[in-house]
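Peer 1: Sequence:
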Amino acid sequence: QMKFPEIVRTLTKEGRGLVLVTGATGSGKSTTLAAMIHEINLTEKKHIVTIEDPIEFVHKDRGCVINQRSVGQDTLSFGRALRAALREDPDIILVGEMRDRETVELALHAADTGHLVFSTLHTIDAKETINRIIAMFPNEEQNRVRLSLSGVLKGVVSQRLIPTIEGKRVAAMEILVKTPTIEKLILENRDYEIRDAIEKGREHYKSQSFDQHILDIYNQGIITKEKAKDYATSAADLELKMSGFNSGKASDFASMAEKKSKHEFSDDEVFNLK
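Going letter by letter, the sequence shown gives residues 10 to 283 in my numbering.
Since the hints were made in silico from the structure, they are not lab data. One should not assume that every hint holds.
Stated by the list, open to error - Listed next, with one range per pair, are the computed distances between beta-carbon atoms:
{"id": "1", "residue 1": "89", "residue 2": "175", "range": "42 to 48 Å"}
{"id": "2", "residue 1": "82", "residue 2": "172", "range": "34 to 40 Å"}
{"id": "3", "residue 1": "148", "residue 2": "111", "range": "14 to 20 Å"}
{"id": "4", "residue 1": "85", "residue 2": "160", "range": "28 to 34 Å"}
{"id": "5", "residue 1": "140", "residue 2": "86", "range": "30 to 36 Å"}
Just so you know, these numbers come straight off a predicted model, no measurement behind them. The C-beta atom is built at its ideal place from N, Cα and C for all residues, glycine as well.
Using the sequences and the hints given, assemble the complete structure.
Peer 2: Okay, structure coming up:
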């Protein structure tokens with residue numbers, strides 16, 4: 010079973026927009042994304058198109074009609090498959106990875122025209138995610154892209170897998186939630202203020218920084234202090250939080266079992282929320 014903060018489930022209920030899951034290779038992005046699609050499949054009646062390279066998790070139709078396509082087998086590229094998907098008018102589109110400018114442009118367009126789009130990036134946190142997207146475009150187009158991204162982005166879920174005291178791994182999550190402040194920071198090229206805005210938005214918007222969540226996991230006795238500092242965004246800031254300065258309210262932590270190759274979800278593997 011998997012445990013996620015409630016806000017991750019909330020992001021699956023968005024009617025339109027862009028939701029990104031990010032992290033290094035092997036951080037559990039595909040597992041989280043598949044769990045989000047499975048949650049929608051069990052609770053909604055939607056038409057979902059997934060474009061993946063390769064297909065790692067096989068979804069059976071429950072409440073939703075799900076069409077899964079593999080790049081290299083069913084289509085030549087993410088961009089071509091995304092163009093084709095838009096002609097089918099799905100409610101939800103999963104793009105396995107936003108690898109290039111064309112795919113980003115099409116994903117932003119899809120999110121802006123009434124679709125809920127999920128995708129991944131190999132970026133370490135929300136700030137780098139936004140920077141990476143903007144940097145894919147030439148300077149003269151970046152203001153336009155900032156305007157588009159600030160309007161359609163609903164959330165960024167970034168992950169790091171941390172070794173636990175018991176020899177397993179636990180997922181620490183940074184969660185950016187779209188707020189008027191976040192939208193303004195993206196639009197005004199003030200990305201350096203994003204992490205602070207995420208931390209300040211925890212109580213009202215349920216966002217959380219890596220360091221806030223790592224502190225929660227540490228306080229629950231799941232990881233050592235050394236591992237907490239090793240995986241923190243700022244070891245110095247985390248040390249202050251551990252000492253009682255600027256410490257946030259505890260939240261649910263994410264613990265995910267590693268899954269390999271193709272996997273078919275069963276109903277009891279959907280979100281386990283408290």
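Peer 1: Compare the structure with each hint and give your call.
Peer 2: Hint check results:
A hinted range of 42 to 48 Å holds for the C-beta pair residue 89 and residue 175, which are about 45 Å apart. Evaluation of the 34 to 40 Å hint for residue 82 and residue 172 yields a pass: the beta carbon distance comes to about 36 Å. Look at residue 148 against residue 111: about 18 Å separates their beta carbons, and that is inside 14 to 20 Å. The given range of 28 to 34 Å is respected by residue 85 and residue 160, whose C-beta atoms sit roughly 30 Å from each other.
With their beta carbons about 24 Å apart, residue 140 and residue 86 fall outside the hinted range of 30 to 36 Å.
Of the numbered hints listed earlier, the single one contradicted by the structure is hint 5.
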